[in-house]
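Given the structure of chain A, go ahead and fit chain B onto it with the hints provided.
Protein chains: 2
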Amino acid sequence: MTKELFKGSIMFGPVPAVLVTTIDKEGKPNVFTVGWTGVACTHPPLVTIAVRKERLSHENISASGEFVINLTTREMLKMTDFCGCRSGRKVDKIKHFGIELEPGADIKTPSLKKSPVALECKVRSVTELGSHDLFVAEIVRNKVEKTLIDQNNTIQMGQAGLLAYCHGEYFTLSRQPIGTFGYSVARKSVRQARHQKKFQQKKVKKS
Amino acid sequence: MTKELFKGSIMFGPVPAVLVTTIDKEGKPNVFTVGWTGVACTHPPLVTIAVRKERLSHENISASGEFVINLTTREMLKMTDFCGCRSGRKVDKIKHFGIELEPGADIKTPSLKKSPVALECKVRSVTELGSHDLFVAEIVRNKVEKTLIDQNNTIQMGQAGLLAYCHGEYFTLSRQPIGTFGYSVARKSVRQARHQKKFQQKKVKKS
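Line order of the protein sequences matches chains A and B.
At position 16 of the first sequence the residue is numbered 16 (our numbering), and the sequence of numbers has no breaks.
At position 138 of the second sequence the residue is numbered 138 (our numbering), and the sequence of numbers has no breaks.
The set of hints was computed from the structure by calculation and includes no laboratory data.
Because identical chains share one entry, a pair is satisfied inside a single copy or across any pair of copies.
Straight-line C-alpha distance at most 30 Å; calculated DSSO-like pairs for lysine-lysine: (1) K53 - K93; (2) K53 - K122; (3) K7 - K28; (4) K25 - K7; (5) K7 - K108; (6) K146 - K7; (7) K95 - K53; (8) K25 - K95; (9) K113 - K7; (10) K7 - K114; (11) K95 - K108; (12) K7 - K122; (13) K78 - K114; (14) K114 - K146.
Looking at chain A on its own, in the form it has when it is part of the complex:
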């Protein structure tokens, strides 16, 4: 391939366009969209979200020390886009969309009922970087839509129809995966065993 050179900027993706729920000091919830999120560590399970200082959600997370990452689907596209463009200081986005919330399990912040997977997070650190502050947070509880869990207790994330964001545009994922981690180096039997093991998650209780 022949390349053109550009000055350094964020040409990166696909990233998940997630809806992050937060609460203020009185417990009032807000929701906003975050594309600048990623995994920071497997053990302990840590994620990052980058948030502009001026955001209401920055204020909320700084005060409460917690938030929820709600994965989004193609059906949630309009809500996801809107919540990244309108501030909770001006619009009650939860009322605007009639969003249904579910109470927190291990934290006070609620999650979105419509989201197939929600990650309850407790803040570990925050670092000022420039336009954004970077929050590193531990995932303390996962909530997973029951219909994504098959008879082998395997989570079929592909069936969720997750939304992806890349360079200013939204995309969908293929319904079927095109490979499983480790497939290129494993014999078929090993690969199948690893696949089963990987997808067997420890279920703790019903919500």
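What follows is chain B alone, placed relative to chain A:
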């Protein structure tokens, strides 16, 4: 939706499965796969990669203070999976796949010729978190495949056929985007103008 509760773990995505190139003290290149990567800040443009301490690439990046994030495509799936499973300490992955490299523009580390977009990065900080260390790095130069740049100097990332990773499986993105950032709140003319502005990148020179 009805949810099941699980203990906190990484159920997160889609993320980009990127190939990261590094060099050792003698300048010998290595390549490894990173799914735990994300954007940390827009201005300055900062990204994160989470790397296990025992990785050869951890050693390389710590010594050189730089690396390249190479976005991957569906055609690069096997290489991407393999480079996440095999260590550069045991296999010369670049020789193994006959990978063609391109010299660095602003740094010493080369990029992958086959990658549609490569981000040259200089390390800002590293933080120990547990199984992984988190590197925060500044994107100092972008290399973009010419055929992705249309006549309006707009980068058509959707045409790259980027690879996505989610919960142990690889997926492809839809070729056509299903929305543009801001579409839910803008009139058509405004949306088009914003779209144009957003996608006009400052081109600096030809490679």
